[in-house]
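Trainee: Sequence:
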Amino acid sequence: MICTKKIKHLPIMIIDGDRSSRYPKRSEFREKGVLFLNTTNIVQNRLDITEANFVSPEKFSEIKKGRLQRSDIVMTTRGSIGKVALFDCDPPEGLINAQMLILRADGEVIDQKFLFYHICSDNFQTKLKNFASGSAQPQIPIIDLKEIEIAFPPLPTQRKIAAILSKLDDKIELNHQMNETLAAIVQAIFKSWFVDFDPVRAKMEGRMPVGMDAATATLFPSAFQDSPLGKIPEGWEVTTVGEEFNLTMGQSPPGSTYNEEEDGPPFYQGRKDFGFRYPTRRVYCNAPTRFAKKSDTLVSVRAPVGDINMAAEKCCIGRGLAAIRHKTGSRSYTYYAMQFLREDFTLYEAEGTVFGAINKTGFQTLSQLRPSDGIIEAFERLVYPFDQSIENNENQSRTLSQIRDALLPKLISGELDVSALEIDTG
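Note that the numbering used here gives residue 510 to position 358 of the sequence shown, counting from 1, and the numbers run on in steps of one.
None of these hints come from the bench; they were simulated from the model.
Just so you know, these numbers come straight off a predicted model, no measurement behind them.
Do not take every clue at face value.
Straight-line alpha carbon distances no greater than 20 Å define the calculated SDA-like cross-link-like pairs of lysine to any residue that follow [said to hold, decoys possible]:
| # | residue 1 | residue 2 |
| --- | --- | --- |
| 1 | K157 | L255 |
| 2 | K157 | A303 |
| 3 | K319 | D569 |
| 4 | K158 | N282 |
| 5 | K157 | R359 |
| 6 | K319 | R433 |
| 7 | K211 | Q221 |
| 8 | K158 | L326 |
| 9 | K562 | V195 |
| 10 | K466 | R533 |
| 11 | K562 | M153 |
| 12 | K160 | K343 |
| 13 | K446 | Q421 |
| 14 | K424 | K479 |
| 15 | K343 | R359 |
| 16 | K211 | Q264 |
| 17 | K479 | R434 |
| 18 | K343 | R533 |
| 19 | K281 | R434 |
What follows is a list of derived Cβ distance ranges for each label pair [claimed, not checked]:
| # | residue 1 | residue 2 | range |
| --- | --- | --- | --- |
| 20 | F443 | R522 | 23 to 33 Å |
| 21 | P243 | E357 | 41 to 51 Å |
| 22 | M330 | S179 | 16 to 26 Å |
| 23 | P380 | Q554 | 29 to 39 Å |
| 24 | N282 | G394 | 38 to 48 Å |
| 25 | E214 | G526 | 18 to 28 Å |
| 26 | Q491 | V362 | 32 to 42 Å |
| 27 | P243 | S172 | 22 to 32 Å |
| 28 | K562 | T517 | 47 to 57 Å |
| 29 | S408 | K343 | 22 to 32 Å |
| 30 | K343 | D415 | 26 to 36 Å |
We put the CB at the ideal spot given by N, CA and C, even for glycine.
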């Protein structure tokens, strides 16, 4: 039997972030300490804390509101409302900022993981947006959130539903972890060849470069030369991004051309749709003006500058993005070369009047080394299996996500009955 009640009539605790004078200032953030989550740490219904902020234990002790416990549901309530994730970090403590809240079910009437999946559902997200107020900065006050209805079956069925969906998420997370490992390997190879110049150093010492075949080793020189950037391999040149890469700056069509009905190619305005490697389709455009081709590297050029993804298909890009590709056509070399320009990009974070930005001229004039095309092609051949595996894993995860999202409303509504299934609910 499916019951339906408003959140305010259910044993669900809602905790908002601290908005008092104790709220940490930017100067109080640390590289280590107690985790302080913000809205950008929620990506595709999971936490990404690779670029998270931290506060000192002393500051943590001052802030009494918005304290996290393991398995808490974290949801954004301002701007991009409804982004949601489960808090499963170690150690299991942290804080949320003032644009988020915590939901904590009692576990006797509503299962916490079931509640998480319910909030992820299109049905709940639609209700959430209908209750949101404000046009420039949409927000959902707690008093309005409590008015949203939740449909739920008996607790054992909730747990079975959560177990089924968790198995799909576990596979998605395994793919993500594998992709992080593969990307780290390729990034290390790129750094060795094009930043640390390890093959050149090995040849200068009369050694064979580690892990490199003889044919590839012959492509590298055995000496360095002076340059404006310091010592670089002999025969390489200091040039610019504009000389080495084809660059397309995005342009935003009229808002009236945007839609969610898949009318036109996918449209990406900025980095908010970015994932681990590929952006998530959310909005489409039926009057596109600027395009990225499949496997072009996408770079955010406005607030923040320098976040990076890759186009999974031909897509329309708005003014917050640029599409770039090395003139040899190399997919991987382009992607990892942009990764190593992050320090250059951060210099443009304060260039705009309010938000950081980099224009086409600034982008094109960034310094870049020019190795031989043969070395770039050798790098592409070497890392192709790694990056292709990343693409395959991302595609599989996208399919699993679609299956999960299709199952979700059917399971919650009781259209698919799981009550008789023998499922390990942990």
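Trainee: None of the hints should be skipped; say for each whether it holds.
Mentor: Taking the hints in turn, this is what the structure says about them:
1. K157 with L255: holds (16 Å)
2. K157 with A303: holds (7 Å)
3. K319 with D569: Measuring from Cα to Cα gives roughly 18 Å; hence the hint holds.
4. K158 with N282: holds (15 Å)
5. K157 with R359: violated (72 Å)
6. K319 with R433: violated (23 Å)
7. K211 with Q221: holds (17 Å)
8. K158 with L326: violated (35 Å)
9. K562 with V195: With Cα atoms ~25 Å apart, K562 and V195 exceed 20 Å; violated.
10. K466 with R533: violated (23 Å)
11. K562 with M153: Roughly 14 Å separates the two Cα atoms, so the pair holds.
12. K160 with K343: violated (54 Å)
13. K446 with Q421: holds (17 Å)
14. K424 with K479: violated (28 Å)
15. K343 with R359: Within the cut-off at roughly 19 Å; holds.
16. K211 with Q264: Outside the cut-off at roughly 29 Å; violated.
17. K479 with R434: violated (30 Å)
18. K343 with R533: holds (16 Å)
19. K281 with R434: Satisfied, since the Cα-Cα distance of roughly 15 Å is no more than 20 Å.
20. F443 with R522: 23 to 33 Å: holds (27 Å)
21. P243 with E357: 41 to 51 Å: holds (45 Å)
22. M330 with S179: 16 to 26 Å: Violated, at about 38 Å.
23. P380 with Q554: 29 to 39 Å: violated (50 Å)
24. N282 with G394: 38 to 48 Å: holds (47 Å)
25. E214 with G526: 18 to 28 Å: For G526 against E214, whose Cβ atoms are near 59 Å apart, the range 18 to 28 Å is violated.
26. Q491 with V362: 32 to 42 Å: Once the Cβ atoms are compared, 22 Å apart, the range 32 to 42 Å for V362 and Q491 is violated.
27. P243 with S172: 22 to 32 Å: Given range 22 to 32 Å: holds, Cβ gap about 25 Å.
28. K562 with T517: 47 to 57 Å: holds (54 Å)
29. S408 with K343: 22 to 32 Å: violated (45 Å)
30. K343 with D415: 26 to 36 Å: This hint is violated: roughly 43 Å between Cβ atoms.
Against the hints set out earlier in the document, violations occur for numbers 5, 6, 8, 9, 10, 12, 14, 16, 17, 22, 23, 25, 26, 29 and 30.
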